[in-house]
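Colleague: Here is how the chains run, residue by residue.
2 protein chains.
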Amino acid sequence: MAEEAVFDFIHMEAVSYVFQGGEKVSEDEAVSKLEHMGFATGYRLVERLTRESGRYKDELDIMKYICKDLWVTVYKKQIDNLRTNHQGVYVLHDNRFRLLTHMANGKQYLQYAPRYLAFTCGLVRGCLANLGVTCVVTAEVTHLPACKFQIQVQRG
Amino acid sequence: MAEEAVFDFIHMEAVSYVFQGGEKVSEDEAVSKLEHMGFATGYRLVERLTRESGRYKDELDIMKYICKDLWVTVYKKQIDNLRTNHQGVYVLHDNRFRLLTHMANGKQYLQYAPRYLAFTCGLVRGCLANLGVTCVVTAEVTHLPACKFQIQVQRG
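If you read the protein sequences in the order shown, they are chains A and B.
The numbering of the first sequence is numbering that gives the first Met the number 0, which starts it at 0 and goes up by one.
The numbering of the second sequence is numbering that gives the first Met the number 0, which starts it at 0 and goes up by one.
The shape of chain A in the complex, shown without the other chains (with noise of 0.2 Å):
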């Protein structure tokens, strides 16, 4: 319990730093640099973490990789559910996002909600690129904590 939390709260001051704490940038901005920190993070520890596992077979074996191993490792749990087109798009439900539960429930948060899946789509997005999966991450929430984050593979 208490290992997560320090993640939590390390990126609860990452997300109010970069948007408060430092100098006037715009919300685009501030999001695109949650972004580049979650791309790093996410290349990182994906060298960590499949140091020792073997190859993966296809594209889908590596979504299936993120889906469950790294969701694990960083959030405790696995993703939900994983969708795609067989095409180059994969969506991945949470049903209970962790870095959105401490948010209250409401439609007028639902707002900042793309400040706490910056980085996740970095970090995804970072972890792909390390494995030689180019694409492009975005995030949408529904309602809280519940979000969806889609991949789009970028094909040569």
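Note that these hints are calculated values from the structure, not bench results.
Small disclaimer: the values here were computed from a predicted structure and weren't measured.
The C-beta atom is built at its ideal place from N, Cα and C for all residues, glycine as well.
One should not assume that every hint holds.
Some chain A residues well away from chain B (every beta-carbon gap over 12 Å; in silico) [what the hints assert, rightly or not]: (1) L99; (2) T141; (3) Q149.
Distance condition first, Cα-Cα at most 25 Å in a straight line; then the derived DMTMM-like pairs of lysine to aspartate or glutamate [as the list claims (entries may be wrong)]: (4) K67/B / D7/A; (5) K76/B / E46/A; (6) K75/A / E2/B; (7) K75/B / E46/A; (8) K76/A / D57/A; (9) K75/A / E3/B; (10) K75/B / D68/A; (11) K76/A / E34/A; (12) K76/B / E3/A; (13) K63/B / E34/A; (14) K76/A / D7/B; (15) K76/A / E2/B; (16) K63/A / E3/B; (17) K75/A / D7/B; (18) K147/A / E2/B; (19) K76/B / D60/B; (20) K67/A / D7/B; (21) K75/B / E3/A; (22) K63/A / E2/B; (23) K76/B / D7/A.
Given the coordinates of chain A, work out where chain B should sit on it, guided by the hints.
Modeller: Structure of chain B alone, referenced to chain A:
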């Protein structure tokens, strides 16, 4: 192993963001920002961690808690040595401080060490503040990756 890496990497990103990613800030300002991020993290963390544990006997008892439970939770090892002058000064020696282990060993890198200690100084100060102890925390590196944290309790 892997869980710790998440914290290490997000911490590293926070350091790099504060020093390079944002607007131009002085070295002192950046260290101070990280210290504040650590403070907020420590303050919240200790609230979570001590929710079920009892009260502490005295100040020394609180310091032992920091050296053992807190350090294990965040850094996966205990503080190697705790000294006190019994007048409100406590010195915590960590012979292999985790956030310094990624740094190459060499005198020329010593100048950057404070960047990797500021968050933790704040973390300790935040934990202690939540437990009712007001203090100043400073850190010093003699040779990497060993370091010591000095806690100076502020009386009444």
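Colleague: Hints first: check each against the structure and report whether it holds.
Modeller: These are the hints, each one checked on the structure:
no.: 1; hint: L99; verdict: 17 Å, holds
no.: 2; hint: T141; verdict: 26 Å, holds
no.: 3; hint: Q149; verdict: 23 Å, holds
no.: 4; hint: K67/B / D7/A; verdict: 21 Å, holds
no.: 5; hint: K76/B / E46/A; verdict: 23 Å, holds
no.: 6; hint: K75/A / E2/B; verdict: 9 Å, holds
no.: 7; hint: K75/B / E46/A; verdict: 20 Å, holds
no.: 8; hint: K76/A / D57/A; verdict: 23 Å, holds
no.: 9; hint: K75/A / E3/B; verdict: 13 Å, holds
no.: 10; hint: K75/B / D68/A; verdict: 21 Å, holds
no.: 11; hint: K76/A / E34/A; verdict: 21 Å, holds
no.: 12; hint: K76/B / E3/A; verdict: 16 Å, holds
no.: 13; hint: K63/B / E34/A; verdict: 38 Å, violated
no.: 14; hint: K76/A / D7/B; verdict: 20 Å, holds
no.: 15; hint: K76/A / E2/B; verdict: 13 Å, holds
no.: 16; hint: K63/A / E3/B; verdict: 22 Å, holds
no.: 17; hint: K75/A / D7/B; verdict: 17 Å, holds
no.: 18; hint: K147/A / E2/B; verdict: 23 Å, holds
no.: 19; hint: K76/B / D60/B; verdict: 18 Å, holds
no.: 20; hint: K67/A / D7/B; verdict: 21 Å, holds
no.: 21; hint: K75/B / E3/A; verdict: 13 Å, holds
no.: 22; hint: K63/A / E2/B; verdict: 19 Å, holds
no.: 23; hint: K76/B / D7/A; verdict: 20 Å, holds
Of the numbered hints stated above, the single one contradicted by the structure is hint 13.
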